[in-house]
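Colleague: Residues per chain, in single letters:
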Amino acid sequence: DAGVIQSPRHEVTEMGQEVTLRCKPISGHNSLFWYRQTMMRGLELLIYFNNNVPIDDSGMPEDRFSAKMPNASFSTLKIQPSEPRDSAVYFCASSSNRGHDEQYFGPGTRLTVT
Amino acid sequence: TQLLEQSPQFLSIQEGENLTVYCNSSSVFSSLQWYRQEPGEGPVLLVTVVTGGEVKKLKRLTFQFGDARKDSSLHITAAQPGDTGLYLCAGEGNNDMRFGAGTRLTVKP
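Chains as they are written, first to last, in the numbering used here: chain A, 1 to 114; chain B, 1 to 109.
Simulated from the structure, these hints should not be mistaken for laboratory data. A portion of the hints provided could be inaccurate.
[Unchecked claim] A partial selection of chain A residues facing chain B, derived with a Cβ cut-off under 8 Å:
no., residue
1, GLY42
2, PRO54
3, GLU62
4, ASP63
5, PHE105
Heads up, the beta-carbon is just placed ideally off N, CA and C, and yes, glycines get one too.
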C-alpha cells in the first residue's frame, strides 16, 4: 500500500497567489482529514470528509480556505488569496472508519507564503 | 472545545533512561490515541486506548488511560535514540478529535 499521498511536498508562493494542495487517501478509506501544523498552534483539524461529503469544516480559518473531495480517491485544499500567516505544514490523513480513530497521515506539504 | 495539555513540552535524556510523558484534559474522551512524529513526516499512530484504566504495551512503550478517561500517560523504558520524536496525544469526543501540542523527546546516545 502506497499510503496517503500528498503533493506538492513543498510550495513557496507569494502573498496573494492561489495555492492548491492535493491528497490521495489510502484506497478503501472513506474518511479524509485536512490538518495544519505550526509551532505556535500545533496540529489543527481544518475539515474532514466522510464518503466524500464534508462533515465538519469548523476548523477552516476563513473564507480564503476551501476544500473539495470530488471522488473517493482525491481531495484538494485551496487557499485564495494566500497570506504569510498561512505558512505551515498541511497534512492529509485518511481513515477506514467514520470516526476519527486510526488515521493514517500523509507526509505533508510545507507551504511558505512570502 | 476539548483541550489536551501535554507535559513536559520538551524532554532531553540519555540513552537507557526511563521517562513518562503526560496528556491531561478536563473533558472525557471516548478514546485517546498516541502518535509519534519524526521531522519531515506525518504523525504515525502508536496506540488507541478506549477503556478507563486500560494499559497497553508496545515493546518498551507502556500506555495508560486514566480511570475517568480524561488523561493518559506514555512510559518508555530504556529509551533509545530511535525513540526521538514528537509525541502527540489526541482525544476523540463530541464527534471531533483534538490533538495536544506534543512532547518533543530527544534521546542522546
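Colleague: Work down the list of hints and note, for each, if the structure agrees.
Modeller: Right, here's what the structure says about each hint:
no.: 1; hint: GLY42; in the structure: holds, 4 Å
no.: 2; hint: PRO54; in the structure: violated, 14 Å
no.: 3; hint: GLU62; in the structure: violated, 18 Å
no.: 4; hint: ASP63; in the structure: violated, 21 Å
no.: 5; hint: PHE105; in the structure: holds, 3 Å
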